Amino acid sequence: MYVVIVGGGKVGLNLARELLRSNHEVTLVDQNRATYLRLEQELEHVVQYGDGTELWVLERAGIGRADLVVAVTGDDEDNILICQVAKEKYLCERIIARCNNPRNLQHFRLLNIMPAVSATDLILNLIEHEVPGHGLVHLLDLPDEQLEIIEVEVTPGAPAEGRRIDEIELPDGSLIISVLPAGGGGFVPKPDTVVNAGDEVLVVLDPGLEDSITSQFASNGTHG
Amino acid sequence: MLVLIVGAGRVGSAVARSALAAGHEVSVLDDDPLSHERLDAGMDTTWEEAGGRFTVGTALEVEALIAAGIEEADVFIASTNGDNTNLTISQVAQRRFGVDRVIVRVMDPARSDWYREQGLNTICPTKHAIEMFNASLGLTA
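Chains L and D, in that order, give the protein sequences. One point on numbering: in our numbering, the residue at position 193 of the first sequence is 193, and numbering is uninterrupted. One point on numbering: in our numbering, the residue at position 32 of the second sequence is 32, and numbering is uninterrupted.
Derived from the structure by calculation, the hints contain no laboratory data. A few of these clues could be false.
[What the hints assert, rightly or not] Quick list of in silico lysine-lysine cross-link-like pairs, DSS-like style, CA-CA up to 27 angstroms:
#, chain 1, residue 1, chain 2, residue 2
1, L, K89, D, K127
2, L, K10, L, K87
3, L, K87, D, K127
Bear in mind the structure is a predicted one, so any value in this text is a computation, not a measurement.
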């Protein structure tokens with residue numbers, strides 16, 4: 001696989017190292033002279049000096065034959081434009097963009113620059129996972145399909161505690177697909193499966209229904 | 001007609017003053033509060049007294065664009081000092097806010113040409129400078 005990486009910071013450099021180690025062909029582009037000289041000491045001809053948003057720099061890096069273009073500079077507008085020309089001008093099939101400021105994610109989506117990876121969002125997702133009592137974890141979002149899967153913990157005193165699956169009042173457009181008991185394991189529930197405090201349930205739902213679902217599994221005031 | 005100008009440098013501020021003098025409603029967005037001085041320069045009154053609007057904010061922040069009036073704007077001019085910022089926000093203005101006329105300054109001739117082919121109304125000062133230098137040297141392109 002031939003990969004063009006724009007942005008020689010910690011992310012770009014380590015990506016280049018890993019890809020080279022797996023025997024992929026890589027070109028790493030950076031526009032900062034000092035960074036370029038430092039990278040060149042280690043990676044030699046793999047590194048090219050230039051502004052990776054300029055067409056001739058991308059062409060010199062061989063973007064026309066790239067299987068993958070990765071834009072990981074510190075500027076979101078640069079990453080957007082690198083990926084936009086990679087896709088739309090050079091017809092590169094696969095791109096990956098780094099989103100530095102999660103508030104800019106909407107611009108990446110608008111211009112169809114996906115996947116866009118935001119470190120802040122990744123860490124936030126991990127916090128959701130690691131911090132107990134937070135209530136709701138987004139496991140999977142499928143924006144195109146208008147579906148998501150969330151994980152909620154059943155807290156003591158919640159409306160759903162001690163009830164059968166078919167007795168839990170969930171809104172239309174949602175379905176419990178799995179129960180993860182507090183003691184470990186996990187299974188697909190039957191209508192007469194009883195849900196207990198401390199269990200976690202996986203629910204598939206239409207976006208926007210989160211609140212009416214968490215209200216069934218969290219006792220008042222403990223979620224959110 | 002409401003003209004929203006993002007980036008009040010030499011070009012943006014001069015176009016803003018021309019548009020205001022021509023009787024248009026003009027709103028200017030810039031992330032540097034001091035750029036306001038360029039709008040006042042050479043005027044008898046302040047920019048606001050003359051009827052202009054000025055908002056301090058970052059061009060990529062949707063809240064700043066909305067505060068500056070992008071939802072009502074008939075014309076959007078991207079004239080910050082960054083090509084990549086201009087190209088991104090002009091596409092946001094066009095595709096998300098549906099602004100009728102979007103004009104974007106792009107210093108890089110190659111990308112100015114390509115984005116023009118993609119339907120953006122780009123203006124490339126570098127190209128004009130090259131043409132003028134060539135002309136003054138008696139060269140033809």
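Hint by hint, here is what the structure shows:
1. L:K89 - D:K127: Holds - the C-alpha atoms of K127 of chain D and K89 of chain L are around 21 angstroms apart, at most 27 angstroms.
2. L:K10 - L:K87: holds (25 angstroms)
3. L:K87 - D:K127: With a Cα-Cα distance of about 26 angstroms, the restraint between K87 of chain L and K127 of chain D holds, given a limit of 27 angstroms.
The structure fails none of the hints (numbered hints given earlier).
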